[in-house]
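The listed protein sequences derive, respectively, from chains S and G.
Whatever position you read off the first sequence (first residue = 1), add 2 for this note's numbering.
Whatever position you read off the second sequence (first residue = 1), add 2 for this note's numbering.
Source of the hints: derived by calculation from the structure; they are not laboratory data.
Values in this document were obtained by computation on a predicted structure and should not be read as measured data.
Keep in mind that a hint or two might mislead.
Any copy, or any two copies together, can satisfy a pair, since identical chains are not distinguished.
[What the hints assert, rightly or not] Capping the alpha-carbon separation at 27 Å, the derived lysine-lysine pairs in DSS-like fashion look like this: (1) K156 - K66; (2) K66 - K360; (3) K66 - K352.
Protein chains: 2
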Amino acid sequence: MPDITEPTLLLDEARCRANIRRMADKAKRSGARFRPHFKTHQSLEIGEWYRELGVEAITVSSVKMADYFSRAWDDITIAVPFNVLEIERVNAIRPECRLNLCVMHPETIEFLRENLRRDVGIWLKIDVGYHRTGLGEDDARIGELLDLLAGDDKLQVQGFLAHAGHTYEARNREEIRAIDTAARAIMGRLVDRFSPAHPGLQVSLGDSPGCSVVEDFTGIDELRPGNLVFYDLQQYTLGACGLEDIAIAMACPVIARHDTKLIVHGGGVHFSKDAMVDDEGVRHYGLAVGDAGTNWREGWGTELNGLKLSALSQEHGTLTGPAEVLSRYRPGDIVLVLPIHACMTASDMKAYTTLEGKRLLHLEGDYPLKAA
Amino acid sequence: MPDITEPTLLLDEARCRANIRRMADKAKRSGARFRPHFKTHQSLEIGEWYRELGVEAITVSSVKMADYFSRAWDDITIAVPFNVLEIERVNAIRPECRLNLCVMHPETIEFLRENLRRDVGIWLKIDVGYHRTGLGEDDARIGELLDLLAGDDKLQVQGFLAHAGHTYEARNREEIRAIDTAARAIMGRLVDRFSPAHPGLQVSLGDSPGCSVVEDFTGIDELRPGNLVFYDLQQYTLGACGLEDIAIAMACPVIARHDTKLIVHGGGVHFSKDAMVDDEGVRHYGLAVGDAGTNWREGWGTELNGLKLSALSQEHGTLTGPAEVLSRYRPGDIVLVLPIHACMTASDMKAYTTLEGKRLLHLEGDYPLKAA
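With the hints as constraints, model all of the structure from the sequences given.
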């Protein structure tokens, strides 16, 4: 069992598996396909925990991730507008792995017809109000794309795919539900409008706040939440999870002690620079849990301890909070910090250490950087 | 020569070497030792460009980096308060590589006496006004530490080391110079006060803004700037460099086009989430250079093109700006974006591609993640 000596991303496997099971069960009750987004954990081993619950199809957000997970998975959706420059990388993924691409531009269909050497499913990327990207409900290209794809055996149209990412800007669970309802209404109208000429169109949705807060997924064929595997302080603040559901925490060694703060090894290259503003208007990068001297192998409980990661440099973190709490820690102690945004923190850390001491690699720690 | 198909961190080797040479020359003129901080580039190959100019000693900010660079370097300072939990990793670094540690707490000296199995140099970490960490000028522990270390052959006291990181909050070059002057004054007073009893105490300073703006380093024995190797938009805004000095740019494929924005593959996991606020009060994550269709092998010139990286998701970036500029780009084109904070971006990308098509690895792409 290794001791912690440097910033280490701890994973509570029991919490993580419970999070996965809760979402898998909920999808099942609604009769929706659960196609979890693997961009959050990016781990072949954690992927297996989904498979044990019957999951057979996954979502990723880059061709690199699709390539990586095609080692173990046979049905992968790349849920970002297809990058035409990566056509040869797509062609190189083993043909037994079914791929689904997202498309917005009719020119991309022409490009795929000419350059793709395999069959793929095609989803039309729809904007349901997040306004990052996607085709608006009234965009004429939706009909144009469906007509272009009609009867195509190589580019097999699946339906409409959207990410209601504006749930991350909601102030409470009611607002999340309202966004989800509006998104489903848009998708429903699209299906109603285009199904007569193009039967079989499906709906794929699934941001983690929406999927966590909503109980009934009627009208949705496929759910793609990702963050639920770990959750984080952002999801907690939105009301999408409890503190007791957050399945990762960063273990940071204390390297200096001041009257008003602790300095830990644990900086921007570990946590990422995603921040939140707390109720008092103070910006922070994470909140601490547990107590000095606690054995990290026992996890970090469900209580914040009052310390806040109030500043981050490249390698340093600054923890502030009540003097009484600060005074319990000495250089060489470990502080456990819940991250703001699990996806970014996991990508920075490239690996997980379970409470049982097992090391699981993230794609970023396991993918060869090819020499040119 | 590889084509760019995914987010790629380009490196202009000529600019990079010129940046290094300028600083090496300046240090030489002042008679100060140039001990560059390698936390910015973290590349063994870029390290060699320093060595070619006579550099023999380097700075890092973690024991991991010290371990990595000890493959090629024989004199390394770990310029953060020593993390006692990493004692065995320090003991394992080959003994021919001289190490210097930073210390703030007298207890750390006792710990090192008991547990360190090699000689090291010891720097006292001083706070010269940044107030992140370090001992304040009047802290009684400075005298206590010097007395503790007096005559120690294993823990060889070097002097006072500080990082005037508050230059990053300066509004102009004059303020940077004032911070540098004040920092040198503090260090000078410490040397004056303690040299009678402890002769030979040295001064080590060196944030990149200060080192870039100041011409004369009288009173400083050692300079440790790091960011100067690449520079970035933060340094440019501070007045520490010109746009023509910025030696890295992210190449991002356009994946979707809207009337008011472009969506690129290039997100928070590539750029990091470091942001700046521009003159109009708008937060952004990078500024674009060059033009659509330009051959990236020719570099990116010295002009901003008006597009701004105004939002970042995990994998997506949103570029906004004048319609006339946006309209020149099509899906499949490459946008080149100057990063806000080179150190963070390089750590995320883990590798560089030179304009000649050569791939250079960063520590994060080259360091084994040991299985537990």
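**Asked** Checking against the hints above, which ones are violated?
**Response** none
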